[in-house]
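2 protein chains.
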Amino acid sequence: MSKGLPKRSEDYSLWYNELVKKADLAENSAVRGCMVIKPYGYSIWEKMQAELDRMFKETGHSNAYFPLFIPKSYLSKEASHVEGFAKECAVVTHYRLKNAEDGSGVIVDPEAKLDEELIVRPTSETVIWSTYKNWVQSYRDLPLLVNQWANVVRWEMRTRLFLRTTEFLWQEGHTAHATKKEAEVETKQMMNVYAQFAEDFMALPVVRGRKTESERFAGADDTLCIEAMMQDGKALQAGTSHFLGQNFAKAFDVKFATKEGGLEYVWGTSWGVSTRLMGALIMAHSDDNGLVLPPKLAPIQVVIIPIYRKEEEFDAITEKVNEITAELRKVGVSVKYDNRDTHKPGWKFAEHELKGVPLRIAIGPRDLENGTIEIARRDTLTKEQFELASQPISEKISSMLDEIQTSIYSKALNFRTEMTTEVNSWDEFKELLEEKGGFLSAHWDGTSETEDKIKDLTKATIRCIPLDQKEEAGVCVYSGKPSTGRVLFAKAY
Amino acid sequence: MSKGLPKRSEDYSLWYNELVKKADLAENSAVRGCMVIKPYGYSIWEKMQAELDRMFKETGHSNAYFPLFIPKSYLSKEASHVEGFAKECAVVTHYRLKNAEDGSGVIVDPEAKLDEELIVRPTSETVIWSTYKNWVQSYRDLPLLVNQWANVVRWEMRTRLFLRTTEFLWQEGHTAHATKKEAEVETKQMMNVYAQFAEDFMALPVVRGRKTESERFAGADDTLCIEAMMQDGKALQAGTSHFLGQNFAKAFDVKFATKEGGLEYVWGTSWGVSTRLMGALIMAHSDDNGLVLPPKLAPIQVVIIPIYRKEEEFDAITEKVNEITAELRKVGVSVKYDNRDTHKPGWKFAEHELKGVPLRIAIGPRDLENGTIEIARRDTLTKEQFELASQPISEKISSMLDEIQTSIYSKALNFRTEMTTEVNSWDEFKELLEEKGGFLSAHWDGTSETEDKIKDLTKATIRCIPLDQKEEAGVCVYSGKPSTGRVLFAKAY
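Top line first, the protein sequences correspond to chains C and A.
Position 329 of the first sequence, counted from 1, bears residue number 329 in our numbering, the numbering being contiguous throughout.
Position 455 of the second sequence, counted from 1, bears residue number 1455 in our numbering, the numbering being contiguous throughout.
Some hints here could point you the wrong way.
[Stated by the list, open to error] Computed cross-link-like contacts, SDA-like style, restricted to lysine to any residue with a CA-CA straight-line distance of at most 25 Å: (1) A:1453 - A:1473; (2) A:1330 - C:140; (3) C:87 - A:1094; (4) A:1320 - A:1376; (5) C:113 - A:1164; (6) A:1133 - C:30; (7) A:1355 - C:54; (8) A:1320 - A:1215; (9) A:1021 - C:140; (10) C:113 - A:1039; (11) C:47 - A:1039; (12) A:1057 - C:351; (13) C:336 - A:1139; (14) C:98 - A:1215.
[Said to hold, decoys possible] Covered stretches of chain C, as calculated for chain A (at least 3 residues, CB under 8 Å): (15) 6 to 19; (16) 27 to 36; (17) 54 to 66; (18) 105 to 112; (19) 249 to 255; (20) 312 to 320; (21) 461 to 468.
Hints were generated in silico from the structure; no laboratory data involved.
Keep in mind the model is a prediction, meaning the values are calculated, not measured.
For each residue, glycine too, the CB sits at the ideal point set by N, CA and C.
Make the full structure from the sequences, and use the hints.
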């Protein structure tokens, strides 16, 4: 098992790319910007999906499925929406291939041209709101609380595995409500669901905030978001929840008969997280030895490796391992017994470290004699001898897994705290951004001009206006104009 | 609740279309041939997915994800494969929209033309085998046992909800093996997994068989299938499993170092089932009152409806219902208490009948006095009074659900038996096909010419050569040439 991972301190970006490939998470495909999610990477995504899906259902949502293709005219119906997505749309223009007459191979049949071009969905607001028009007649049909798990395509020029790919997997919730208030509550609720998922399952502390006008979703009146801090001091937007006002209802003429007998446009929200979360998970916790996975999302939580020279030793170890495995599975711990005879223990240690298995148990003949096992923690790279008689193994392992989950979260939280700095002058802003990075908490005058100017000069953007922003009189770090509270700036993925 | 379903006996096709829409399963979208799967329909598909996914994992497969787009040149690498799919490919040619200079709206940007056109995957053999080339070096890397849940697009001219749509959802397994034997065993195993799923969960008896050469998957050496019989006497192919030989390995140069030090092409399989299964489920069991769902796939297994006039009655009923609901949920039965005060009981009865809820419980004030409930079975439309003191409600309901599952299966099996006829002359063949339909078990001379001729004359195709075909000397029902066993003919969806 040759890991050969670059060090984070030397080349964070290369470290990330190599880790994604070497840990069997994903790889680039032959199609520009499209990735292949490999089985191990996909099994982590499946665990994310399962938890998110449960949370969506617990908050009253149902899944449905809408078409991959969107007629070009639909995309154009909401002005700022098409403005936001037109530059990155994959367009289907034909529906048939044929053999070239000169025998040169298969070509697109020019006679099979579509009357209207179809866009491969970059997001589904337009096709869904065109459907909602028929689903909503009266207040009795509301709210509509629908989610979709799907692939979407945005033609990105610079792509990176998981973080920015032409095709990605995501879920997109689309809800319709009778009142503005209800839609606002839903928008906030789903941001909170995302934050809870990030913190409880991904062990990823996030700032809950609101996007500035220029960072809003194309077609939204308000965008809430969760923002996380990566180990290189760059921020990553991990999920967004949009209050759409009546914009899509108006674009697609979705009205409902109110209880009082009136006719009104409905109010909408949409919200999504994507395979980008995989990138966040990797970049937040992993180290120079490989992945570090929070136990709640690890496909394998415990790997057991036998250490032996002779066949009889192996048999005796295996017998003990079978006992332990049964105990652990009984309490829902996922265990793998790596009994391959094609690889040495040291090779296996390195491989499971690379793949982020939270706990590794090693058992040799001496352990059998002494009634012990060696337990190694992936996150801290620490080992301990454990006496099997001292405590039921299932209790021991469960409590260690809990401890790891908490500990990974705390570490990330401490890091973020350390990487969040209040700055009060433009020189300080520039200096800190260059030397340390992280979140810069600074006053801003509230204008897009200043925001754009700061972005042009430093590449830092306003990640969000934190929802827990304190009222505090101050002056804009760039323009010197008055401000009533601090916002978070950072360079971002 | 106005059902207004057409009768099967009068217009089976219209009955199907209307049922799919009225039971909130799916509807046509604005994009030709693409459907919207509505939340209720999707929840049935989710149950199917969960069971199939479990079965795939139990047989050692992992999920992964491959790109939506396939470079045109890839599709062309396997000659018979491109031949089979070229006529129905959606083609992406551009990657950007822009505002027309004459202000007429948004147009496809002619400058954003792709160097090589991309095909929206109609199936993923080519993109997956191009990936496998890098995943397989030695016999140690085999077998590769991968499945993908995805959407695919085939540009169909005549579409019908679930049965034939331009975009559909499916799973596609793609495996690679060191030996021919292993790949053949896998092909058969997955056909058996499909058959078991169809019979145990969908309550749908299927014939396990082999496709004739002309009905094989484009690029396969052998195609196994499961075939089901619908209520109108037409057959429906419910799943296929392909032995690909070394065709795709050769097209994409996928070789492996053998244990013995040689270098050989790997052997492949692929297998898939799709949202078409939803069509089969609906058409096999449902009746003129609506859906009939097997309990194992019903999103709601039991609906409870209160019958009351006064508010106090409702409260007392609700208290009893809460007890019953808790008991049922404890044993894993999914229950819905339909306590809406906006609709009358009769309306609710009809709605849940339409939606195929297997059991309906009604409780009124007299039931409370007598300690009874009324239980109605959807499949038989029969009712019984049940004394709550006579047996724990969870036992009663569980056993009724089991009984329904078995009974729906038996009914479908009896129907199929009745609709399978041995025919021995061409006149008999034509007459039976017209008057009765169903499977015609007949001798065939084994040639594609005869097969095509029969298809031209009668629209009947050879659905399969049953795997349990008996050796029996005979003469071809059409050509009179010798034959060694019977095959199944039918008109099919």
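Hints, one by one, checked against the model:
Between residue 1453 of chain A and residue 1473 of chain A the alpha-carbon distance is near 22 Å, which keeps this suggested pair within the 25 Å criterion. Restraint check for residue 1330 of chain A and residue 140 of chain C: not satisfied, since their Cα atoms lie roughly 32 Å apart, outside the 25 Å limit. This hinted pair checks out: residue 87 of chain C and residue 1094 of chain A have alpha carbons roughly 11 Å apart, not beyond 25 Å. Distance check on the hinted pair: residue 1320 of chain A and residue 1376 of chain A sit about 18 Å apart at the alpha-carbon level, within 25 Å; holds.
Of the supplied pair hints, the one linking residue 113 of chain C and residue 1164 of chain A holds, its CA atoms being roughly 21 Å apart against a limit of 25 Å. Simply put, residue 1133 of chain A and residue 30 of chain C have alpha-carbon atoms about 12 Å apart, close enough for the 25 Å limit, and the pair holds. Under the criterion of a C-alpha separation no larger than 25 Å, the hint pairing residue 1355 of chain A with residue 54 of chain C is consistent with the structure, at around 24 Å. Straight-line distance between C-alpha atoms of residue 1320 of chain A and residue 1215 of chain A comes to about 57 Å, which puts the hinted pair past the 25 Å bound.
The suggested pairing of residue 1021 of chain A with residue 140 of chain C holds, with an alpha-carbon distance near 19 Å, which does not exceed 25 Å. Distance restraint check for residue 113 of chain C and residue 1039 of chain A: the Cα-Cα separation of roughly 33 Å exceeds the 25 Å cut-off, and the hinted pair is therefore not satisfied. A C-alpha spacing of about 22 Å is found between residue 47 of chain C and residue 1039 of chain A, which places the hinted pair at or below 25 Å, so the restraint holds. At most 25 Å may separate the alpha-carbon atoms for a hinted pair to count; residue 1057 of chain A and residue 351 of chain C meet this at roughly 23 Å.
Note on residue 336 of chain C and residue 1139 of chain A: the hinted pairing holds, with a Cα-Cα distance of about 22 Å set against a maximum of 25 Å. Restraint check for residue 98 of chain C and residue 1215 of chain A: satisfied, since their Cα atoms lie roughly 21 Å apart, inside the 25 Å limit. Proximity of the region 6 to 19 of chain C to chain A, defined as three or more residues with a beta carbon under 8 Å from a beta carbon of that chain, is not established by the 0 residues found. Coverage of a stretch by a chain is defined here by at least three residues with a beta carbon nearer than 8 Å to that chain's beta carbons; for the region 27 to 36 of chain C and chain A the count is 7, and the condition holds.
Only when three residues or more bring their CB closer than 8 Å to a CB of chain A does the claim for the region 54 to 66 of chain C stand; here the count is 5, and the claim holds. Counting residues of the region 105 to 112 of chain C whose CB lies closer than 8 Å to any CB of chain A gives 3, so the stated coverage by that chain holds, three being the minimum. Coverage of the region 249 to 255 of chain C by chain A is violated. Counting CB-CB distances below 8 Å, 0 residues qualify, and the rule asks for three or more. For a cut-off of 8 Å, the count of residues in the region 312 to 320 of chain C with a CB near a CB of chain A stands at 0, and the three-residue condition is violated.
Here's how the region 461 to 468 of chain C fares: 0 of its residues keep a CB closer than 8 Å to some CB of chain A, so the rule of at least three is not met and the hint is violated.
Comparing the model with each numbered hint stated earlier shows that hints 2, 8, 10, 15, 19, 20, 21 do not hold.
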